[in-house]
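According to UniProt numbering, the sequence shown is numbered sequentially starting from 1.
Be careful, since some hints might not be right.
To be verified - Pairs of lysine-lysine, PhoX-like flavour, derived with a Cα cap of 20 Å:
no.	residue 1	residue 2
1	K276	K286
2	K172	K26
3	K265	K286
4	K262	K276
5	K265	K279
6	K247	K200
7	K265	K276
8	K279	K247
9	K276	K247
10	K168	K26
11	K367	K429
Stated by the list, open to error - Ranges of calculated distance between the beta carbons of each label pair, as one might list FRET restraints:
no.	residue 1	residue 2	range
12	S490	D322	25 to 33 Å
13	N388	L488	49 to 57 Å
14	V167	P345	31 to 39 Å
Think of the hints as simulated: they come from the structure by calculation, not from any bench. Ideal Cβ placement from N, Cα and C applies to all residues, glycine included.
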Amino acid sequence: DVCLIFSALDKDVDAEDHGKGQRSPKLCGTNYPVSIAFIVVNEFCERFSYYGMKAVLTLYFIHYLHWDKNLSTAVYHAFSSLCYFTPLLGAVIADSWLGKFRTVIYLSIVYVIGHVVKSVGAIPDVGDSTVHVVLSMLGLVLIAFGTGGIKPCVAAFGGDQFDEEHVKERRKFFSIFYMSINAGSVLSTIITPILRGDVKCFGGDCYALAFGVPAALMVIALVVFIAGSGLYKKSPPEGNVLVRVCKCIGFAIRNRWNNSKKSPKRSHWLDWAEEKYPKRLIQEIKMVFRVLVLYIPLPMFWALFDQQGSRWTLQATRMNMDFVMGVCFCVVKMLNALLILVFIPIFDMGVYPLIGLCRIKLTPLKKMAAGMILAALAFCAATVVEINVIKSVVEPPPAKESLVQVYNLMDSEVTVQFPGHTVFSDPLKSYEDPSGYTSLPLTGESQLYTVTVTHNGAEYQCGLTFTERTAYSLFLHTAQPGDTVCKLVSPRFLAEPSFIKIKTILTTPPPLFFCNGLTFKKMEDIQANNIHIAWQVPQYVFITAGEVMFSITGLEFSYSQAPASMKSVLQAGWLMTVAFGNVIVLIVAEGAGMEQWTEFLLFAGLLVAVSIIFSIMAYFYTYVDPDQLDKIFREDTDDEKVESSDGKKNEAVSLTDMPKQTKM
Numbered sequence: 001d002v003c004l005i006f007s008a009l010d011k012d013v014d015a016e017d018h019g020k021g022q023r024s025p026k027l028c029g030t031n032y033p034v035s036i037a038f039i040v041v042n043e044f045c046e047r048f049s050y051y052g053m054k055a056v057l058t059l060y061f062i063h064y065l066h067w068d069k070n071l072s073t074a075v076y077h078a079f080s081s082l083c084y085f086t087p088l089l090g091a092v093i094a095d096s097w098l099g100k101f102r103t104v105i106y107l108s109i110v111y112v113i114g115h116v117v118k119s120v121g122a123i124p125d126v127g128d129s130t131v132h133v134v135l136s137m138l139g140l141v142l143i144a145f146g147t148g149g150i151k152p153c154v155a156a157f158g159g160d161q162f163d164e165e166h167v168k169e170r171r172k173f174f175s176i177f178y179m180s181i182n183a184g185s186v187l188s189t190i191i192t193p194i195l196r197g198d199v200k201c202f203g204g205d206c207y208a209l210a211f212g213v214p215a216a217l218m219v220i221a222l223v224v225f226i227a228g229s230g231l232y233k234k235s236p237p238e239g240n241v242l243v244r245v246c247k248c249i250g251f252a253i254r255n256r257w258n259n260s261k262k263s264p265k266r267s268h269w270l271d272w273a274e275e276k277y278p279k280r281l282i283q284e285i286k287m288v289f290r291v292l293v294l295y296i297p298l299p300m301f302w303a304l305f306d307q308q309g310s311r312w313t314l315q316a317t318r319m320n321m322d323f324v325m326g327v328c329f330c331v332v333k334m335l336n337a338l339l340i341l342v343f344i345p346i347f348d349m350g351v352y353p354l355i356g357l358c359r360i361k362l363t364p365l366k367k368m369a370a371g372m373i374l375a376a377l378a379f380c381a382a383t384v385v386e387i388n389v390i391k392s393v394v395e396p397p398p399a400k401e402s403l404v405q406v407y408n409l410m411d412s413e414v415t416v417q418f419p420g421h422t423v424f425s426d427p428l429k430s431y432e433d434p435s436g437y438t439s440l441p442l443t444g445e446s447q448l449y450t451v452t453v454t455h456n457g458a459e460y461q462c463g464l465t466f467t468e469r470t471a472y473s474l475f476l477h478t479a480q481p482g483d484t485v486c487k488l489v490s491p492r493f494l495a496e497p498s499f500i501k502i503k504t505i506l507t508t509p510p511p512l513f514f515c516n517g518l519t520f521k522k523m524e525d526i527q528a529n530n531i532h533i534a535w536q537v538p539q540y541v542f543i544t545a546g547e548v549m550f551s552i553t554g555l556e557f558s559y560s561q562a563p564a565s566m567k568s569v570l571q572a573g574w575l576m577t578v579a580f581g582n583v584i585v586l587i588v589a590e591g592a593g594m595e596q597w598t599e600f601l602l603f604a605g606l607l608v609a610v611s612i613i614f615s616i617m618a619y620f621y622t623y624v625d626p627d628q629l630d631k632i633f634r635e636d637t638d639d640e641k642v643e644s645s646d647g648k649k650n651e652a653v654s655l656t657d658m659p660k661q662t663k664m
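Can you make the complete structure from the sequences, with help from the hints?
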């Protein structure tokens with residue numbers, strides 16, 4: 001593979017010199033380049049790799065690394081956030097140094113290495129828990145740089161394969177490209193949880209296989225992309241407009257700081273860059289800033305949306321996951337990807353035209369505000385589900401606490417005393433159903449308790465060690481006459497998110513019966529949760545409808561309101577809103593310390609408030625006609641003032657002179 005990679009790169013050197021003039025071979029007499037087939041397959045495999053790994057990531061943190069739900073949620077969203085910060089780095093590398101083709105190859109290699117490291121970290125025989133954590137975190141960082149770095153390159157590289165006159169074909173390519181993303185997401189969300197749960201390795205759930213298969217798909221993605229090397233149209237890097245924009249802004253700030261008292265005031269702070277940068281660039285940056293201001297409230301939407309893979313997954317694992325007509329938990333997890341494919345045509349061909357028939361002008365910003373409200377409704381639905389779930393579920397204990405329940409298997413009642421605590425002050429009858437788990441405070445990560453058991457007037461003492469965040473069952477029974485045995489067991493805590501298989505060994509109506517001197521008693525300490533996972537469907541419907549109205553419309557709005565040379569800058573800004581949304585979840589998960597249903601309600605309320613603020617901002621935003629953008633910026637690239645026929649000079653067009661459309 002290494003020889004193949006560098007052989008392909010060597011062949012590129014000459015190709016990149018004439019990439020723009022190169023015409024790619026076409027598919028079967030159409031205007032579609034053959035090369036896009038390699039790009040679409042590459043994207044399918046890469047998305048399978050990414051979403052397949054994320055599908056089991058939260059459960060991996062909880063069950064394999066033994067983290068609590070808040071730390072698991074925080075790390076999950078920190079990883080997601082990093083995946084959306086790194087596209088800025090990938091764009092700079094591609095446009096300023098390596099070009100899109102080489103950037104995709106080099107960062108895909110980093111991507112593969114990250115997957116391999118992550119898979120090795122999931123092998124129990126490799127080191128201790130510290131080694132597993134280090135390898136897992138290193139793997140996630142490498143994956144974040146890989147997937148984020150190629151994110152702005154692959155789709156743009158696919159668009160570069162088309163000739164300038166084939167606009168319709170290019171537009172259809174992006175639809176196919178988007179379909180490949182969702183196809184990879186749907187399949188991986190089904191397959192990797194099955195590999196984790198149904199395939200056993202190393203004596204437990206096979207996380208190594210669940211991460212290894214996505215790693216193999218990423219290797220395939222890299223090989224497929226390299227295989228099409230000879231067919232690609234490769235353009236050399238032309239300089240990164242994002243870097244140029246940052247330099248222009250920096251110069252304007254410095255120049256204003258140094259000369260504001262000496263020079264006359266200027267109408268806009270960016271005008272202080274006129275001494276060094278062309279007016280066209282300055283005007284375009286002003287236009288971009290008008291849109292970026294609207295981006296400020298948007299991270300809150302992504303803070304809710306991206307909790308599908310963390311908080312909603314944890315909620316699902318505490319619900320009844322019995323199969324219904326062959327449908328299992330994995331189908332609920334992939335509902336978003338399935339519904340997005342259904343909702344897009346429904347909204348485009350049904351919902352939006354019907355609203356138009358009611359003479360309601362549904363502008364892009366109105367759609368985005370409506371999408372926020374739908375996402376808030378999704379979390380209201382999640383709140384209702386959570387309230388019902390916690391009625392029959394005992395949460396795992398927090399730090400410096402254990403949970404304990406006592407089973408009295410003696411022939412008469414007993415009294416149990418924990419020194420310094422009155423957790424079991426009342427006598428426990430023989431074979432009495434336990435009243436439930438009781439919280440036991442600890443002085444540190446673990447604590448030794450000398451428990452006193454009183455039976456038939458005689459006292460017995462048992463030295464028992466309890467560890468924090470663990471639930472215990474204390475069984476009291478008689479091994480021989482006059483001898484009391486205390487057996488402390490810590491089975492897998494059934495209230496903790498987990499998948500369990502139950503086998504019926506004996507069924508009989510009476511709860512208590514005797515056989516050859518043995519006494520059997522069925523004891524149910526926690527009733528099975530009767531809230532079925534299907535109750536999560538409404539929240540997925542709301543969040544997906546919100547995504548259609550918010551995300552897709554937001555991309556369209558950003559594209560239409562940006563000058564041609566600034567579209568990549570706004571794309572970077574859009575990705576940053578996703579990154580900051582995950583940062584919000586990270587902060588709340590680590591700092592709030594509230595019950596889950598109140599956290600859901602908090603997020604819903606915050607998004608409603610943000611949607612109101614966004615609507616007010618949108619009301620004062622005036623749309624620019626996208627068809628007039630080229631006409632507005634007709635100045636030369638150096639933006640020198642052009643002399644008119646009467647000898648006068650025309651100033652650069654200002655934002656106030658732009659053709660306007662309706663507000664909001």
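Hints, one by one, checked against the model:
{"no.": "1", "hint": "K276 - K286", "result": "holds (16 Å)"}
{"no.": "2", "hint": "K172 - K26", "result": "holds (15 Å)"}
{"no.": "3", "hint": "K265 - K286", "result": "holds (17 Å)"}
{"no.": "4", "hint": "K262 - K276", "result": "holds (18 Å)"}
{"no.": "5", "hint": "K265 - K279", "result": "holds (17 Å)"}
{"no.": "6", "hint": "K247 - K200", "result": "violated (55 Å)"}
{"no.": "7", "hint": "K265 - K276", "result": "holds (17 Å)"}
{"no.": "8", "hint": "K279 - K247", "result": "holds (14 Å)"}
{"no.": "9", "hint": "K276 - K247", "result": "holds (10 Å)"}
{"no.": "10", "hint": "K168 - K26", "result": "holds (15 Å)"}
{"no.": "11", "hint": "K367 - K429", "result": "violated (63 Å)"}
{"no.": "12", "hint": "S490 - D322: 25 to 33 Å", "result": "holds (27 Å)"}
{"no.": "13", "hint": "N388 - L488: 49 to 57 Å", "result": "violated (33 Å)"}
{"no.": "14", "hint": "V167 - P345: 31 to 39 Å", "result": "violated (22 Å)"}
The structure is inconsistent with the numbered hints 6, 11, 13 and 14, although it conforms to all the rest.
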